[in-house]
Amino acid sequence: MDAGAVYYPKPNSQNPLGEDSYFICSELNTVGVADGVGGWSEKGIDAGHYARELMQNACVSTLHQLKGSINPRTVLNEAFIAKQQARVHPPPASPP
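Quick note, the sequence shown lines up with residues 43 to 138 if you use the numbering used here.
Please note: incorrect hints may appear among the correct ones.
Label pairs and their computed distance ranges (CB to CB) [stated by the list, open to error]:
#: 1; residue 1: Q127; residue 2: K52; range: 28 to 34 Å
#: 2; residue 1: G78; residue 2: R129; range: 38 to 44 Å
#: 3; residue 1: V102; residue 2: G78; range: 20 to 26 Å
#: 4; residue 1: V48; residue 2: N119; range: 25 to 31 Å
#: 5; residue 1: Q126; residue 2: P53; range: 32 to 38 Å
#: 6; residue 1: H91; residue 2: V48; range: 16 to 22 Å
#: 7; residue 1: S83; residue 2: M43; range: 30 to 36 Å
#: 8; residue 1: G86; residue 2: G110; range: 36 to 42 Å
Source of the hints: derived by calculation from the structure; they are not laboratory data. Backbone N, C-alpha and C fix where the C-beta goes; we use that ideal spot for every residue, glycine too.
Could you build the full structure based on these sequences and the hints that come with them?
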């Protein structure tokens, strides 16, 4: 599978990276899109940052699935759990 994506930053926007995100896992012929996560901003969460972390976690989860038997629900659930755990237990700050 050949896949590609492009993102055009929103000029003069408070959030030029937008609220959507995606991942492409060419090794397993898999793509994922986080669209419609803007509701998180109502809870004081940067929706764009949330979407990007969620898709990064989804890509990692996809790589842990067996080739040919990727379950999207499992991938999304694992990505969400990883995101929630990162919020509760943030990684240590890097040294200056």
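Item to complete: Kindly confirm whether 36 to 42 Å is satisfied by the beta carbon distance between G86 and G110.
Response: holds, 40 Å
Worksheet item: Should the hint that V102 and G78 are 20 to 26 Å apart at their CB atoms be regarded as holding?
Response: Since the Cβ atoms of V102 and G78 sit about 22 Å apart, the hinted range of 20 to 26 Å holds.
Worksheet item: Are Q127 and K52 spaced within 28 to 34 Å by their CB atoms?
Response: Check passed, 31 Å falls within 28 to 34 Å.
Discussion item. Assuming the hint says 30 to 36 Å, is it satisfied by the Cβ distance from S83 to M43 or not?
Written reply: At 33 Å between Cβs, range holds.
Discussion item. For the hint 32 to 38 Å, verify it against the beta carbon of Q126 and that of P53.
Written reply: holds, 33 Å
Worksheet entry | Cβ distance range 16 to 22 Å for H91 and V48, holds or violated | Taking Cβ atoms as reference, H91 and V48 lie about 20 Å apart, which means the hint holds.
Discussion item. Does the beta carbon distance between G78 and R129 stay inside 38 to 44 Å, or does it fall outside?
Written reply: With Cβ atoms ~20 Å apart, the hint is violated.
Worksheet entry | C-beta pair V48, N119: status relative to the range 25 to 31 Å that was hinted | Holds - the Cβ-Cβ distance for V48 and N119, about 29 Å, lies within 25 to 31 Å.
When the structure is compared with the earlier hints, a violation turns up for hint 2 alone.
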